[in-house]
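Chains as they are written, first to last, in the working numbering: chain A, 1 to 104; chain B, 1 to 104.
Treat the hints with caution; some may be incorrect.
As the list claims (entries may be wrong) - Taking lysine to aspartate or glutamate and the EDC-like style, the derived pairs with C-alpha atoms no more than 20 angstroms apart in a straight line are:
hint	chain 1	residue 1	chain 2	residue 2
1	B	Lys-24	A	Asp-28
2	B	Lys-24	A	Asp-21
3	B	Lys-24	A	Glu-13
4	A	Lys-67	A	Asp-21
5	B	Lys-24	B	Glu-91
6	A	Lys-24	A	Glu-98
7	A	Lys-24	B	Asp-15
8	B	Lys-24	A	Asp-15
9	A	Lys-24	B	Glu-98
Honestly, the hints are just simulated from the structure, not real lab data.
Each chain is listed here by its residues.
2 protein chains.
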Amino acid sequence: MCCPPILEGPLAEADARQLADLLKVLADSARLRLLSLIAARPGGEACACELIEPLGLSQPTVSHHLKVLTTAGLLHREQRGVWAYFRVEPEQLAGIREALTVTN
Amino acid sequence: MCCPPILEGPLAEADARQLADLLKVLADSARLRLLSLIAARPGGEACACELIEPLGLSQPTVSHHLKVLTTAGLLHREQRGVWAYFRVEPEQLAGIREALTVTN
Numbered sequence: 001m002c003c004p005p006i007l008e009g010p011l012a013e014a015d016a017r018q019l020a021d022l023l024k025v026l027a028d029s030a031r032l033r034l035l036s037l038i039a040a041r042p043g044g045e046a047c048a049c050e051l052i053e054p055l056g057l058s059q060p061t062v063s064h065h066l067k068v069l070t071t072a073g074l075l076h077r078e079q080r081g082v083w084a085y086f087r088v089e090p091e092q093l094a095g096i097r098e099a100l101t102v103t104n
Numbered sequence: 001m002c003c004p005p006i007l008e009g010p011l012a013e014a015d016a017r018q019l020a021d022l023l024k025v026l027a028d029s030a031r032l033r034l035l036s037l038i039a040a041r042p043g044g045e046a047c048a049c050e051l052i053e054p055l056g057l058s059q060p061t062v063s064h065h066l067k068v069l070t071t072a073g074l075l076h077r078e079q080r081g082v083w084a085y086f087r088v089e090p091e092q093l094a095g096i097r098e099a100l101t102v103t104n
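Using the sequences and the hints, build the whole thing.
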């Protein structure tokens, strides 16, 4: 699970790189909107097919962003027939929040 | 203060862009290490001159990163004589954490 709190002592370079890589995945408005659209669906789950129109992006672009989010552990992907279904993985977001905790 | 929670309803494009821009500032290992080095100093404050050696980067590079962090509201900068002193602005980090809150 990502990552040690950045304000609780000097961050090692490897930990800083790991957290930076994860933040880079989040630092994209289309990907943030995808997470938010999926979470807002009934049951917190969405088919890739339901995400193309509200986002206003092409299907390959949406698929690419979904893949990046899934690889980073921010989405869970489940194949059902032709379509893949996605839900937000709260643990990975919680890990990022913990890393950004302000203690003093 | 940045930004609405991403998992509490579909995120507007402007809000998504604002949060993405702020996350881009954080999504850099040198900048994460700078925040962590500054917070770890006695009194949570550091002179720019104290940050060059532990980071192992050139002075212009460190100055650039400090400027980006300050412009984004993640650092507070105070000029004293020749040197600038920096401290972490906890409110901006807290805003990011809130935006990434998982409610369900």
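Here is what the structure says about each hint:
1. B/Lys-24 / A/Asp-28: The given pair, whose Cα atoms are some 8 angstroms apart, holds under the 20 angstroms limit.
2. B/Lys-24 / A/Asp-21: Within the cut-off at roughly 10 angstroms; holds.
3. B/Lys-24 / A/Glu-13: Holds, at roughly 18 angstroms.
4. A/Lys-67 / A/Asp-21: 15 angstroms, holds
5. B/Lys-24 / B/Glu-91: Distance ~17 angstroms between B/Lys-24 and B/Glu-91 Cα, so the pair holds.
6. A/Lys-24 / A/Glu-98: Roughly 17 angstroms between the alpha carbons, so the hint for A/Lys-24 and A/Glu-98 holds.
7. A/Lys-24 / B/Asp-15: 17 angstroms, holds
8. B/Lys-24 / A/Asp-15: Satisfied, since the Cα-Cα distance of roughly 17 angstroms is no more than 20 angstroms.
9. A/Lys-24 / B/Glu-98: 18 angstroms, holds
Checked against the numbered hints listed earlier, the structure breaks none of them; every hint is satisfied.
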